[in-house]
Amino acid sequence: MSSRLSDYDFALPESQIAQAPLAERDASRLMTVSRSSGAWSHRRFADLQELLRPGDVLVLNDARVIPARLLGQKAGTGGRVELLVVRPAAQHTLTSAALGEAPESLDWVCLGQASKGLKPGQRVSFAGGLEAEIQEALGGGEYRVRFQAPAGTSLAELLDAAGRLPLPPYISREPDATDAERYQTVYARASGAVAAPTAGLHFTQETLAALEARGIHRALVTLDVGPGTFLPVREDDLDKHHMHPERYTVPESTAMAVNAARAEGRRVVAVGTTVVRTLESATDAETGRLRAGPGETTLFIRPGFAFRQVDLLLTNFHLPRSTLVVLVSALLGRERTLEAYAEAVRAGYRFFSYGDAMLVSE
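Residue numbers (the working numbering): 1040 to 1401.
Result set (DSS-like, lysine-lysine): computed pairs, CA atoms no more than 30 Å apart in a straight line:
#, residue 1, residue 2
1, Lys1113, Lys1155
2, Lys1158, Lys1279
3, Lys1158, Lys1113
To be clear, the hints were calculated from the coordinates, so they are not data collected in a lab.
Between the sequences and the hints, there should be enough to build the whole structure, so can you do that?
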């Protein structure tokens, strides 16, 4: 087991970083890799139903991406400011209900950058009459920000008017009308994420119906994906890296479905690393059962981690030297992960959010 981030590096041509989605969601390629043998195969995502079994529980993250990127100007100087709304400060929970509250009653944690920096007390104006004041520098580029707007206006309304979809930094273009649909899963419903749970972007309603017809059960969790999913890791020593907190909710129906599957020897298939972190974070340490309810996770899954809920993982291809590659390596093994990624590069797979998929099987 390696505790150095540099041991999870690989060569990736820039031309293989997907800049836009394919015309059809399920037209993506799907590479399968066996945990037991390391053998791989090259398939299409539409073949997924053939690779799963009746009785499997497919767990998906239903988080919806909000237009959380705000571009504004400093009061007085007109200097450029960019904020990424990450999560409510203090006790507030980032849910559809919280987004509907009047923003003047809430402080929010934002990632911020500006010409000549940001300081407490600075005021910023955005489109649509939205204003903000920097309250406190929290470190790591985060600030506590108080938004102000006409009484009765919700943050959701303000973000819809002034915000932009926060595409990851490796997509070198501004979002367009296509992204408004395609950078959301077809089952997204719980607003609050600043990045998409990208393993789910391949699913269509037809794919989900075909899986259900085959006897594959579907369950949902919500994890509001934060910016830590695409921010660079600055420490080579993984022992020194701390994950950004992310909030999650496990419905009672999902806890029941997963616990029943575990008890009956059926498989749990996590769609994406966010689902893995949710399921493993919400596991009772004593009983091993999945707990229903809300929570917050900073879980960093690394090789040597004892998985208690997840049997299979459906995921996209991730950034070199990222916590996501480290997580995949915890399930598949570092050497096999890097071998599989080298094969994916050789075979021309598309990487990252709008890229192709990989199924880590038994």
